[in-house]
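Sequences listed follow chains H and F, in order.
The numbering used here applies: residue 1 is where the first sequence begins, and numbers increase by one.
The numbering used here applies: residue 1001 is where the second sequence begins, and numbers increase by one.
FYI, nobody ran anything at the bench for these hints, they're computed from the structure.
All C-beta atoms in this analysis are idealised placements derived from N, C-alpha and C, irrespective of residue type, glycine included.
Treat the hints with care, as some may be off.
What the hints assert, rightly or not - DEER-style ranges, computed between Cβ atoms:
| no. | chain 1 | residue 1 | chain 2 | residue 2 | range |
| --- | --- | --- | --- | --- | --- |
| 1 | H | G94 | F | G1094 | 39 to 47 Å |
| 2 | H | D187 | F | G1094 | 20 to 28 Å |
| 3 | H | G65 | F | G1094 | 20 to 28 Å |
| 4 | H | N2 | F | L1209 | 24 to 32 Å |
| 5 | F | S1197 | H | G210 | 41 to 49 Å |
| 6 | H | Y205 | F | D1003 | 50 to 58 Å |
| 7 | H | K204 | F | G1094 | 37 to 45 Å |
| 8 | H | D183 | F | S1178 | 43 to 51 Å |
| 9 | H | T201 | F | S1197 | 47 to 55 Å |
| 10 | F | I1215 | H | R211 | 21 to 29 Å |
| 11 | F | S1023 | H | P173 | 23 to 31 Å |
There are 2 protein chains.
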Amino acid sequence: MNDTIELMQAHHSCRSYTNEAVSDAMLDEIIHAAWRGPTSINAQEVSLIVVRDAARRARIAEIAGGQPWIAQAPVFITVLIDFNKTRIGVEKAGQTQVIHESMEGFGVAAVDAGITLGNLMTAARSQGLGIVPIGGIRRNPQAMIDLLELPPLTFPLVGLCIGHIAADAPQKPRLDISSFRHDERYDAGGYRAAIDSYDETIMKYWQQLGRSDGITWSENLGNILKQVYFPEVRPVAAKQGLLNDK
Amino acid sequence: MNDTIELMQAHHSCRSYTNEAVSDAMLDEIIHAAWRGPTSINAQEVSLIVVRDAARRARIAEIAGGQPWIAQAPVFITVLIDFNKTRIGVEKAGQTQVIHESMEGFGVAAVDAGITLGNLMTAARSQGLGIVPIGGIRRNPQAMIDLLELPPLTFPLVGLCIGHIAADAPQKPRLDISSFRHDERYDAGGYRAAIDSYDETIMKYWQQLGRSDGITWSENLGNILKQVYFPEVRPVAAKQGLLNDK
């Protein structure tokens, strides 16, 4: 197995960082790796905002619902959907952009944002840095828009902490790989048995970490997915001019 | 610069494959790397369907609008949103899943699908294989649902060809990195100049490839983004029980 695959198979988050800065050279390499990732029709409708200012990171930690690692890690990168960038090209060509109003456009941009986020994580981890992806910025997207001065047709989709690791964390188990990979056609026949086994595995994992508040995967999903977890996403996206249902 | 970052910075697609099979061992390593990627709240709401059967790949090549490299490359992986998997866990916990009806749920799953796709691409390329991501399966998502036997609460979002490279392709230029990276706050002040420069760069790139049909980035975006490009995405997603606008 090569180093890159070994690194990816060892993926895990880190929530404890030293106060050592991430050098400009390291950060440039990470961002350059993400910049070269593909986007649908080469639209390049994803942008990054790098926040290193400590007061601004402390504010993002609050916006995300109180996540101290955002204030602690020296770099926080917000991954944006940026249909403002593409609009400039479309208007230069004498056309009017419509795609940003559609759920298809939002979904495609979200895929491309995910590729970008994944590349940032892998590149940072290849340098020995720690990372933790942050969905919690969607808890209050308007506050992120205000802080980052985001114009219409942009949306702060997901974030990432990057820093030098103070205390590393173990890798969280996954559902059996048979629940991830299907061959030729979809077959959910093994899903329930895999989930039952995984619920036990996750409880052992919490015990090993000394986490007495741990619950099963199924219970956690039940608590969260029974509702629209971050209800501000849709109305704020609409206010930004996105997703008007075409 | 380490090998992983060098690999990622050299990302490019390949549309010409030999007929050599991708070994089970190589494919297992690639899929294992993607399986370990993160998902929002560890929901693991992404699944893969590996298609190696030649007749089925030929059918996908048609569905995607006539893309011969899908029939040529020995492996085609479809990345699915899979809220059917999470539903089983949520119901086990005695709850009713709602998130799949929301645009927030679809968007988060699309981000996680993008991370998965990116990991598949990087892992395959680290083995010396070629890849090309395929959005064209969204041209006719119902045909993919029928072919892959996808149940409600799942959606075929994006695909990937993997194979041994017959003829490699050069790396396509990108908009200047200043249009991708912002520091502390969004600043589109340089976008138009970067786009003007890039339109010229892309035309030189087409000339170098001998492609007399090449058009600028702006013209290409104008042609595509003036409309909802794959209009079947939204109605078919709704038919699958997704995105009913909560």
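Going down the list of hints, with the structure as the test:
1. Checked against the hint of 39 to 47 Å, the pair G94 (chain H) and G1094 (chain F) fails, with Cβ atoms roughly 56 Å apart.
2. In this structure, D187 (chain H) and G1094 (chain F) meet the distance hint of 20 to 28 Å, their C-beta atoms being roughly 26 Å apart.
3. Take G65 (chain H) and G1094 (chain F): their Cβ atoms lie about 26 Å apart, and the range 20 to 28 Å holds.
4. In this structure the hint that N2 (chain H) and L1209 (chain F) lie 24 to 32 Å apart at CB holds, the actual value being about 30 Å.
5. Distance hint for S1197 (chain F) and G210 (chain H): a CB-CB separation of about 56 Å, inconsistent with the stated range 41 to 49 Å.
6. Distance hint check: the CB atoms of Y205 (chain H) and D1003 (chain F) are about 32 Å apart, inconsistent with the given range 50 to 58 Å.
7. Checked against the hint of 37 to 45 Å, the C-beta distance between K204 (chain H) and G1094 (chain F) comes to roughly 22 Å, which is inconsistent with it.
8. Between D183 (chain H) and S1178 (chain F) the beta carbons are some 44 Å apart, a value that agrees with the proposed interval 43 to 51 Å.
9. Between T201 (chain H) and S1197 (chain F), the C-beta spacing of about 53 Å keeps the proposed range 47 to 55 Å intact.
10. At about 56 Å, the CB distance of I1215 (chain F) to R211 (chain H) disagrees with the hint of 21 to 29 Å.
11. The hint said 23 to 31 Å for the Cβ distance between S1023 (chain F) and P173 (chain H), and at roughly 27 Å that hint holds.
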